[in-house]
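Visitor: Given next are the chains, with one letter for each unit.
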Amino acid sequence: MGDGRHAHAWAAQAGGTRKGHGIGLPSASWLLVLPLVLLLAIFYVGPILGVLWLSVSDPVPGLQNYERLFTSGALQRVVWSTLRISALTALLATALGYLIAYTMLHAGGRHRRWIMAFVLVPFWVSVLVRAFSWVTLLRTEGPINSALLSWGLIAEPLALMRNELGVLIGMVHFMVPYAVLPLYANMQGTDRRILDASRSLGATAPTTFIRIFMPLSAPGIAAASLLVFVLALGFLVTPAILGGGRVVMIAEYVRVQIMQTVRWGIGTMMASVLLITVVLLLAAMSRVIDIRKLFGAK
Amino acid sequence: MNHSFQHDMALLAAERFERGELDRRSFVRGIAALGLAPAVLASSEVSAQVKEIVVVNFGGDAVHAWDEAWAKPFAAEANIKVSVIGGEPTPGAIRAMVESGKVVWDAADAEAFSLDILGRQNLIQKYDYTKVDRGKVRPEFVFEHGCASYIYSIVNGYNAQKTGGRVPNGYKDFLNFRDFPGKRALHKWLLGSLEAVLLGSGVSPDALYPLDVERAFALIRQHRDQFLLWGGGAASQQLFRDGEVVMGTIWHSRATVLDRQTRGRLTWTWDNGIVAPGIVVVPVGNPAGPVVFDLIASMQTPERQIELLRILGGSPANPAASAMLPEALRKVDCAYEPNYRRQIPIDTAWYAQNYDKVQNDFLDLMSS
Numbered sequence: 000m001g002d003g004r005h006a007h008a009w010a011a012q013a014g015g016t017r018k019g020h021g022i023g024l025p026s027a028s029w030l031l032v033l034p035l036v037l038l039l040a041i042f043y044v045g046p047i048l049g050v051l052w053l054s055v056s057d058p059v060p061g062l063q064n065y066e067r068l069f070t071s072g073a074l075q076r077v078v079w080s081t082l083r084i085s086a087l088t089a090l091l092a093t094a095l096g097y098l099i100a101y102t103m104l105h106a107g108g109r110h111r112r113w114i115m116a117f118v119l120v121p122f123w124v125s126v127l128v129r130a131f132s133w134v135t136l137l138r139t140e141g142p143i144n145s146a147l148l149s150w151g152l153i154a155e156p157l158a159l160m161r162n163e164l165g166v167l168i169g170m171v172h173f174m175v176p177y178a179v180l181p182l183y184a185n186m187q188g189t190d191r192r193i194l195d196a197s198r199s200l201g202a203t204a205p206t207t208f209i210r211i212f213m214p215l216s217a218p219g220i221a222a223a224s225l226l227v228f229v230l231a232l233g234f235l236v237t238p239a240i241l242g243g244g245r246v247v248m249i250a251e252y253v254r255v256q257i258m259q260t261v262r263w264g265i266g267t268m269m270a271s272v273l274l275i276t277v278v279l280l281l282a283a284m285s286r287v288i289d290i291r292k293l294f295g296a297k
Numbered sequence: 000m001n002h003s004f005q006h007d008m009a010l011l012a013a014e015r016f017e018r019g020e021l022d023r024r025s026f027v028r029g030i031a032a033l034g035l036a037p038a039v040l041a042s043s044e045v046s047a048q049v050k051e052i053v054v055v056n057f058g059g060d061a062v063h064a065w066d067e068a069w070a071k072p073f074a075a076e077a078n079i080k081v082s083v084i085g086g087e088p089t090p091g092a093i094r095a096m097v098e099s100g101k102v103v104w105d106a107a108d109a110e111a112f113s114l115d116i117l118g119r120q121n122l123i124q125k126y127d128y129t130k131v132d133r134g135k136v137r138p139e140f141v142f143e144h145g146c147a148s149y150i151y152s153i154v155n156g157y158n159a160q161k162t163g164g165r166v167p168n169g170y171k172d173f174l175n176f177r178d179f180p181g182k183r184a185l186h187k188w189l190l191g192s193l194e195a196v197l198l199g200s201g202v203s204p205d206a207l208y209p210l211d212v213e214r215a216f217a218l219i220r221q222h223r224d225q226f227l228l229w230g231g232g233a234a235s236q237q238l239f240r241d242g243e244v245v246m247g248t249i250w251h252s253r254a255t256v257l258d259r260q261t262r263g264r265l266t267w268t269w270d271n272g273i274v275a276p277g278i279v280v281v282p283v284g285n286p287a288g289p290v291v292f293d294l295i296a297s298m299q300t301p302e303r304q305i306e307l308l309r310i311l312g313g314s315p316a317n318p319a320a321s322a323m324l325p326e327a328l329r330k331v332d333c334a335y336e337p338n339y340r341r342q343i344p345i346d347t348a349w350y351a352q353n354y355d356k357v358q359n360d361f362l363d364l365m366s367s
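Line order of the protein sequences matches chains A and B. Counting with numbering that gives the first Met the number 0, you get residues 0 to 297 for the letters of the first sequence. Counting with numbering that gives the first Met the number 0, you get residues 0 to 367 for the letters of the second sequence.
I should point out that these hints are in silico values taken from the structure, not numbers from a laboratory. Check the hints yourself; a few may be wrong.
[Claimed, not checked] Calculated pairs, SDA-like style, for lysine to any residue (alpha carbon to alpha carbon, straight line, at most 25 Å):
hint: 1; chain 1: B; residue 1: 101; chain 2: A; residue 2: 141
hint: 2; chain 1: B; residue 1: 356; chain 2: A; residue 2: 56
hint: 3; chain 1: B; residue 1: 101; chain 2: A; residue 2: 48
hint: 4; chain 1: B; residue 1: 356; chain 2: A; residue 2: 53
hint: 5; chain 1: B; residue 1: 161; chain 2: A; residue 2: 141
hint: 6; chain 1: B; residue 1: 182; chain 2: A; residue 2: 159
hint: 7; chain 1: B; residue 1: 356; chain 2: A; residue 2: 51
hint: 8; chain 1: B; residue 1: 356; chain 2: A; residue 2: 159
hint: 9; chain 1: B; residue 1: 356; chain 2: A; residue 2: 273
hint: 10; chain 1: B; residue 1: 330; chain 2: B; residue 2: 270
hint: 11; chain 1: B; residue 1: 356; chain 2: A; residue 2: 141
Source: prediction; values computed, not measured.
Generate the whole structure from the sequences, applying the supplied hints.
Guide: Right, here's the structure in full:
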């Protein structure tokens, strides 16, 4: 990311020069990204403004759609379960991702490449296929329940799906790679000599891990859990399939309002709430940590 | 003068369009540029020259079936291309299309209750009943903005192996967990779900509508872990195939497939089946214009109605078709009179008034 930092410094310098000479021309770096900015403005910002507008104008102008957020228990339940499931997903995916990234860090070259391949391959498998694969595994008469029953470990099939547990399994599985990558990038940047120094000063391996390595990987943990949490907030397919109608998250709720019951005002309001939540979250986090650095933009 | 010149230009474009020198998009763009789109498209000179009708349903086998049963015969006799495409023509998708001003669909598969929702907002056209014959549809399924092109039934399907060969008494045994232990399948999109529960609690079929929502919700809450939801036909089949449920609501077209494939192990009863109409709606400003009603009228032909039943399992809306069924199809036709008498027609008006609220409350109930 050295180049990025270079360009940034250069742009700041160019901006300073412009100010100094009082010339109104935009800097060259801005011209370079202008096509992308225009593209985003037309195909991204435009529709989003449309969504925001609908949320305060359909069916009648006003804030009554947002008011429902405070009066309707159903809407609050949808928001609450979205936040709860996303937070749990972030926690579990980050924990699992941490183990994988840590193993990768200490594995040999060939071993590490294999782990990386198994982390990356699921990226290319459709979310639908993955959800349905879990259905096959988790259903009442599926292999997991059949095996447990035949070994006599359980008397009744476990309810592994069509509930929050199923949704969590599917979502954590989907999200682990998103947690591994920022964590691994962060751990790789750790100076191993610090760990060696800790050991040479008499600290045991667990102490070195807890007092030295863990704190150094904290930015990676923050990046991974934030990334997973934000992505999880908008999940549609996995909760719809593995939740069996018992788990309704915001995206599914929006889909029903837009497509099925044609209550566009409420649907767009919920979509806007999701959007605003993510923006506020990123803003809050950016006060504590450097977001651009987290995601490798600096 | 200006107006007539532009009109003439539009007609010229229409001629070129007919000769195949212009595709439909350029043609529509051209006359839209002239500011004449509504006027010209509505004029008979142009609609007589329509080359293509686009019909959309929910995809899967229905695309092939509608094509064979309905599109091809009409295309041959009217010399108009009919394209059947699969998509997701939900009420929301139709609204989005009409409001964007770029209507691509001439006709879309819809549930009866959405007629009212869409009609109220002036998003779909009233049927042209000078072309489409009301007399060829069961009267309970004729409405201002459309009438049934096919009908289907939400029946109680069951796993005969798990019931030990006992046949549930329609939906009356839906909550009879003593004699029929095991989970029940319920439709996530409401149709038939509250009916099954209410009938199971002892409500008589003639007192079923208007649905007592509070009572139904209380019953569902009481047995909440006994219900598994399905969202689409394939998912309902899966619930039965995987042995997850002992009985439950399922579309009759899916039940007949299960029955055939499992040689009667997974089967259904017609008793208390909730019969609902499938209606083809016409979005406002449909590109092909009024000729779409000729297509819809042609779909009422008994032979074509039977063909749809044969290929897809969608039952004839035209009673004349069910009356002339070959023996082998009688068993799978929910509209065949001896079967129809055992079932209950859905109350479309109730759904039109209550669907959006009750559907959302139902989702909330199931997820809380």
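Visitor: Each of the hints needs a verdict: does it hold here or not?
Guide: Comparing the hints with the structure gives:
no. : hint            : in the structure
1   : B/101 <-> A/141 : violated (47 Å)
2   : B/356 <-> A/56  : holds (20 Å)
3   : B/101 <-> A/48  : holds (20 Å)
4   : B/356 <-> A/53  : holds (20 Å)
5   : B/161 <-> A/141 : holds (17 Å)
6   : B/182 <-> A/159 : holds (15 Å)
7   : B/356 <-> A/51  : holds (23 Å)
8   : B/356 <-> A/159 : violated (31 Å)
9   : B/356 <-> A/273 : holds (22 Å)
10  : B/330 <-> B/270 : holds (13 Å)
11  : B/356 <-> A/141 : violated (36 Å)
Violation of the numbered hints given earlier is confined to hints 1, 8, 11; the remaining hints are satisfied by the structure.
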